Structures are given as C-alpha cells and as structure tokens.
Amino acid sequence: MKRPVLLLMTVLLLTACGGQSPAAETQVSASFARGGEGPAFTYDPRLVPVGATVAVTDAEQDGATVATLRVTGLLPNRTYGAHAHTQPCTAASGADAGPHYQFSEDPVTPSVDPSYANPMNEIWLDVTTDANGAGESTATVPWVFPDDRRAESVVLHEKPTASHAGHAGTAGGRPACVTVDF
Numbered sequence: 002m003k004r005p006v007l008l009l010m011t012v013l014l015l016t017a018c019g020g021q022s023p024a025a026e027t028q029v030s031a032s033f034a035r036g037g038e039g040p041a042f043t044y045d046p047r048l049v050p051v052g053a054t055v056a057v058t059d060a061e062q063d064g065a066t067v068a069t070l071r072v073t074g075l076l077p078n079r080t081y082g083a084h085a086h087t088q089p090c091t092a093a094s095g096a097d098a099g100p101h102y103q104f105s106e107d108p109v110t111p112s113v114d115p116s117y118a119n120p121m122n123e124i125w126l127d128v129t130t131d132a133n134g135a136g137e138s139t140a141t142v143p144w145v146f147p148d149d150r151r152a153e154s155v156v157l158h159e160k161p162t163a164s165h166a167g168h169a170g171t172a173g174g175r176p177a178c179v180t181v182d183f
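Counting the sequence shown from 1 gives a position; my numbering is that position plus 1.
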C-alpha cells in the first residue's frame, strides 16, 4: 500500500513543479478618496468621483509585462488616458507621481517624442467607460521592469493619449492616481 501512495505523491510533485514558471503578479484594488492615506486619490471629483473604484494587475512572464486597469463609478461613456508613472501617488497632487515610466528613457523631459512616448516603451492603459462608468483596459509591453527602476503608480488623465510628434504621450490633467507596487 505504501508504494502506490509514494508513487502518486511523486507524480503529483513532479506535475506541480513542471511546466512554465508562474508569472510574478502584483495587484491593488481600492476606492478613490480625497486626501487621507491612499493608495488611490482623486484630485478632481468631477471627473473621478470619491468612491469610484480602481484595480490594477501587473504580471511579468516570458520577457513581457501585462498590465490591466479596471475602473467603476467614473463618468459614463468617457475615455480617460492612463499610464504607469515613476513615483507613488500622494494626497497633495497628481504631479507628485512624476513622469510616465519609460523603459528606454527619453533624455528630454517632458517627453513628447513618439520614439520614446509610445505604447511599447511606456504602459498606456487608456480606458473608455460604458454607460455605467465602468471600463477595463490591458497593455502588453515586450519588456519587464528592471529591479532597480520600476513604475510606482498609474495616473488617470482627463483626455485620451495623443501619439503624434510634439504631443506624444500627453493626455491632459491628472484627476486621479493609484499607487501600484509594480
């Protein structure tokens, strides 16, 4: 009786250890608040109401990063720009989140050169809400964050992201921000 049990345990162990390694994944889920401790802040409740919700997941696998943004309670039928940024959010201002995270950094700031400000070098998560103010977007980039330089937040912007020269990556004001441990 011991042999079949031992054999079964060995097979289960080998099966569990085989295949691809699991993706490293982070997730944050929060309601937007005005002030306080965060991790999600609204700076313009007319565009991002207090109590609207946000969830961000980030998974790294096979040399790529997949980030997903989910929102509820925002204005209906509206497109918001959304990007990964270099610094965490603060209660004071969306500007505290710093510039967009760029895998290959533009030597000129603010970056509006489409060679750098583009959805393959940055994480763009523009989201269009439905009639109920809910939306979801996913971005996949062909790189993973280096350990010493990672994005620290996702900022919601007031407009969709521009992609043309001289304006690439711009999306207007910063009505909300959520700190994410990418």
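No lab work stands behind these hints: they were computed from the structure. One or more hints might be untrue.
Derived DEER-like restraints, expressed as beta-carbon distance ranges [said to hold, decoys possible]:
id	residue 1	residue 2	range
1	ASP148	PRO77	19 to 29 Å
2	HIS168	THR141	20 to 30 Å
3	LYS160	GLN62	17 to 27 Å
4	HIS165	PRO143	38 to 48 Å
5	GLN62	GLU38	27 to 37 Å
The structure displayed is predicted, hence computed values, not measured ones. Just so you know, even glycine gets a beta-carbon here, dropped at the ideal spot from N, CA and C.
Checked hints:
1. ASP148 x PRO77: 19 to 29 Å: violated, 40 Å
2. HIS168 x THR141: 20 to 30 Å: holds, 24 Å
3. LYS160 x GLN62: 17 to 27 Å: The hinted range 17 to 27 Å is violated for LYS160 and GLN62, with Cβ atoms some 32 Å apart.
4. HIS165 x PRO143: 38 to 48 Å: violated, 23 Å
5. GLN62 x GLU38: 27 to 37 Å: holds, 32 Å
Consistency note: the structure conflicts with the earlier hints numbered 1, 3 and 4.
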